[in-house]
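**Student:** Construct the complete structure from the given sequences, taking the supplied hints into account.
2 protein chains.
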Amino acid sequence: MWPADRHNGPRAAVVRVIHRQTVFPQPTERSCENDRMTALDPASAPAARRGRPGYDQQSLLTVAVGAFNRYGYEATSMGMLADELGISKSAIYHHVPSKGDLLRLALDHALGGLEAVLLQPEATAGAADARLEFVLRGTLAVLTERLPFVTLLLRLRGNTGIERQALERRRAFDREVAALVDAARHEGSIRRDIDPRTTTRLIFGTINSIVEWYKPGGPLTADKLADDVILMVFDGLHRR
Amino acid sequence: MWPADRHNGPRAAVVRVIHRQTVFPQPTERSCENDRMTALDPASAPAARRGRPGYDQQSLLTVAVGAFNRYGYEATSMGMLADELGISKSAIYHHVPSKGDLLRLALDHALGGLEAVLLQPEATAGAADARLEFVLRGTLAVLTERLPFVTLLLRLRGNTGIERQALERRRAFDREVAALVDAARHEGSIRRDIDPRTTTRLIFGTINSIVEWYKPGGPLTADKLADDVILMVFDGLHRR
Numbered sequence: 001m002w003p004a005d006r007h008n009g010p011r012a013a014v015v016r017v018i019h020r021q022t023v024f025p026q027p028t029e030r031s032c033e034n035d036r037m038t039a040l041d042p043a044s045a046p047a048a049r050r051g052r053p054g055y056d057q058q059s060l061l062t063v064a065v066g067a068f069n070r071y072g073y074e075a076t077s078m079g080m081l082a083d084e085l086g087i088s089k090s091a092i093y094h095h096v097p098s099k100g101d102l103l104r105l106a107l108d109h110a111l112g113g114l115e116a117v118l119l120q121p122e123a124t125a126g127a128a129d130a131r132l133e134f135v136l137r138g139t140l141a142v143l144t145e146r147l148p149f150v151t152l153l154l155r156l157r158g159n160t161g162i163e164r165q166a167l168e169r170r171r172a173f174d175r176e177v178a179a180l181v182d183a184a185r186h187e188g189s190i191r192r193d194i195d196p197r198t199t200t201r202l203i204f205g206t207i208n209s210i211v212e213w214y215k216p217g218g219p220l221t222a223d224k225l226a227d228d229v230i231l232m233v234f235d236g237l238h239r240r
Numbered sequence: 001m002w003p004a005d006r007h008n009g010p011r012a013a014v015v016r017v018i019h020r021q022t023v024f025p026q027p028t029e030r031s032c033e034n035d036r037m038t039a040l041d042p043a044s045a046p047a048a049r050r051g052r053p054g055y056d057q058q059s060l061l062t063v064a065v066g067a068f069n070r071y072g073y074e075a076t077s078m079g080m081l082a083d084e085l086g087i088s089k090s091a092i093y094h095h096v097p098s099k100g101d102l103l104r105l106a107l108d109h110a111l112g113g114l115e116a117v118l119l120q121p122e123a124t125a126g127a128a129d130a131r132l133e134f135v136l137r138g139t140l141a142v143l144t145e146r147l148p149f150v151t152l153l154l155r156l157r158g159n160t161g162i163e164r165q166a167l168e169r170r171r172a173f174d175r176e177v178a179a180l181v182d183a184a185r186h187e188g189s190i191r192r193d194i195d196p197r198t199t200t201r202l203i204f205g206t207i208n209s210i211v212e213w214y215k216p217g218g219p220l221t222a223d224k225l226a227d228d229v230i231l232m233v234f235d236g237l238h239r240r
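Chains R and W are the protein sequences, given in the same order.
Using the working numbering, the letters of the first sequence map in sequence onto residues 1 to 240.
Using the working numbering, the letters of the second sequence map in sequence onto residues 1 to 240.
Source of the hints: derived by calculation from the structure; they are not laboratory data.
Every residue, glycine too, gets a C-beta built ideally from N, C-alpha and C.
It cannot be assumed that every hint is accurate.
[Claimed, not checked] Residues of chain W placed beyond 12 angstroms of chain R at every Cβ, according to the derived structure:
(1) Ala82
(2) Asp83
(3) Pro121
(4) Ala172
(5) Ala184
(6) Ile194
(7) Gly205
(8) Ser209
(9) Pro219
(10) Asp228
[Stated by the list, open to error] Below, a sample of chain W positions facing chain R; criterion: calculated Cβ distance under 8 angstroms:
(11) Arg155
(12) Leu156
(13) Ser189
(14) Arg191
(15) Asp235
(16) His238
**Tutor:** Right, dumping it as structure tokens:
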């Protein structure tokens with residue numbers, strides 16, 4: 001079904017992206033995303049080791065994102081987070097100055113992952129349809145690897161400045177993918193009888209809806225899901 | 001691209017479905033959906049003609065659905081609806097006993113449209129892949145024709161009994177489509193290397209996401225959009 005180089009090439013590269021960017025950057029990593037995270041509270045990791053072995057900034061962020069997705073960002077108070085974590089509000093403020101910072105860090109984790117895909121060599125050089133496939137596989141990998149974070153990003157309504165900034169970054173990412181769709185269309189590798197804007201929206205619709213039902217750790221692996229999506233979108237469901 | 005009978009056959013039939021079920025059933029129609037709507041307030045249409053020419057139950061419902069989608073069902077009060085309509089709350093209660101009834105009628109309008117597609121002869125007889133395509137085209141037609149109503153349905157969280165009943169009807173509809181996917185797979189017309197549950201979820205993900213961006217009356221007609229979706233899902237984006 002797939003020529004070996006197309007199947008193994010881009011996917012192996014995407015796996016490299018994901019491994020390079022661990023879910024939560026370690027203090028020794030020098031990524032831009034990590035800088036933003038540690039700049040907020042450079043002492044958070046040592047502090048966690050000193051007095052609160054259960055929670056550092058990263059695990060606190062995971063709990064916060066879970067609550068934001070469950071109750072909505074507006075409806076989640078720092079008191080509710082403290083209750084969920086079984087710690088005091090002041091213990092949370094030890095890690096982050098405000099609820100808005102938790103939101104900003106969480107959205108940055110989703111967006112940083114997506115933006116990193118676009119910077120890979122496989123996304124910037126070569127045939128447009130191979131670049132498009134690489135970027136979609138990368139998007140799927142970030143989505144399944146950072147599922148609650150991407151879920152939060154996709155449910156944003158833009159009520160606060162932090163949300164609007166994140167939406168602007170998301171739109172910039174979408175524009176890059178739209179440009180790849182356009183390039184693949186001009187190159188002649190994808191069909192021209194569908195408007196490229198419609199194509200891009202249908203692709204994102206298909207991919208983004210996965211946050212509503214995908215269960216990591218279940219029988220459907222992230223790699224198989226990515227293969228399935230790429231197969232349906234590019235080759236269709238009909239047997240030939 | 002399409003054999004004439006497959007392209008014109010199911011689509012023409014879907015157009016018939018939509019025309020038979022007008023967006024708001026007329027009092028003379030004898031559909032089950034209409035019975036439910038008029039049973040609530042059989043005098044609503046004459047009353048509207050007598051004293052409130054601007055609003056009958058149907059136009060009131062359209063405004064209510066717009067508000068539910070904008071502010072959320074819970075956050076929308078009857079007072080807010082009265083303000084949007086420029087009438088008193090008691091004028092609203094003249095048409096419907098409660099906010100819950102507005103929600104129930106609105107969800108019934110979306111679900112009734114979808115369920116009617118499954119009852120058409122083209123959905124119940126013939127090759128499974130043609131039936132599947134007919135049902136997907138019908139789903140797309142209901143979605144674009146009753147866009148705010150389907151949007152409301154897709155955003156339900158199941159907080160009330162009315163919502164849970166609607167979600168159960170939606171799940172029953174989804175199960176029928178899943179059964180068609182399964183049948184098309186067994187028949188050998190759609191690919192077997194994707195799990196049928198994944199296939200169904202990706203199809204619904206693609207179709208349902210349309211509520212997030214489609215603008216009726218814009219340059220992309222509902223028919224062209226349906227063609228585009230069917231083409232991508234069944235034949236894929238790659239040029240051959």
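**Student:** If a hint holds in the structure, say so; if it does not, say that too.
**Tutor:** Evaluated hints:
Every beta carbon of chain R lies more than 12 angstroms from that of alanine 82/W, the smallest distance being close to 25 angstroms; the non-interface claim holds. Once the 12 angstroms rule is applied to beta carbons, aspartate 83/W is consistent with being away from chain R; the minimum gap is 21 angstroms. Against chain R, the non-interface label of proline 121/W holds: every CB pair exceeds 12 angstroms, the least being about 23 angstroms. For alanine 172/W, the requirement that its beta carbon stay farther than 12 angstroms from each beta carbon of chain R is met, with the minimum near 17 angstroms.
Alanine 184/W, annotated as away from the interface, has a beta carbon of chain R within 12 angstroms; the closest lies near 8 angstroms. For isoleucine 194/W, the requirement that its beta carbon stay farther than 12 angstroms from each beta carbon of chain R is not met, with the minimum near 5 angstroms. Separation of glycine 205/W from chain R is inadequate, the least Cβ-Cβ distance of about 3 angstroms not exceeding the 12 angstroms criterion. Remark: the non-interface label on serine 209/W conflicts with the geometry, its nearest Cβ contact in chain R lying 3 angstroms away (cut-off 12 angstroms).
For proline 219/W, the condition that its CB be more than 12 angstroms from all CB atoms of chain R is violated, with the nearest at approximately 9 angstroms. A beta-carbon of chain R is positioned within 12 angstroms of the beta-carbon of aspartate 228/W; the least distance is around 5 angstroms. For arginine 155/W, the interface hint is violated, the least distance from its beta-carbon to any beta-carbon of chain R being 11 angstroms, above 8 angstroms. Evaluation of the leucine 156/W hint against chain R yields a violated restraint, the C-beta minimum of about 12 angstroms exceeding 8 angstroms.
The beta carbon of serine 189/W is positioned within 8 angstroms of a beta carbon in chain R (closest approach about 6 angstroms), and the interface hint is therefore held. With a cut of 8 angstroms, the hint placing arginine 191/W at the interface with chain R holds, because the nearest CB-to-CB distance is about 5 angstroms. Annotation: aspartate 235/W was flagged as interfacial toward chain R, and the flag holds, the nearest CB pair being 4 angstroms apart, inside 8 angstroms. Checking histidine 238/W against chain R: minimum C-beta separation of about 5 angstroms stays under 8 angstroms; hint holds.
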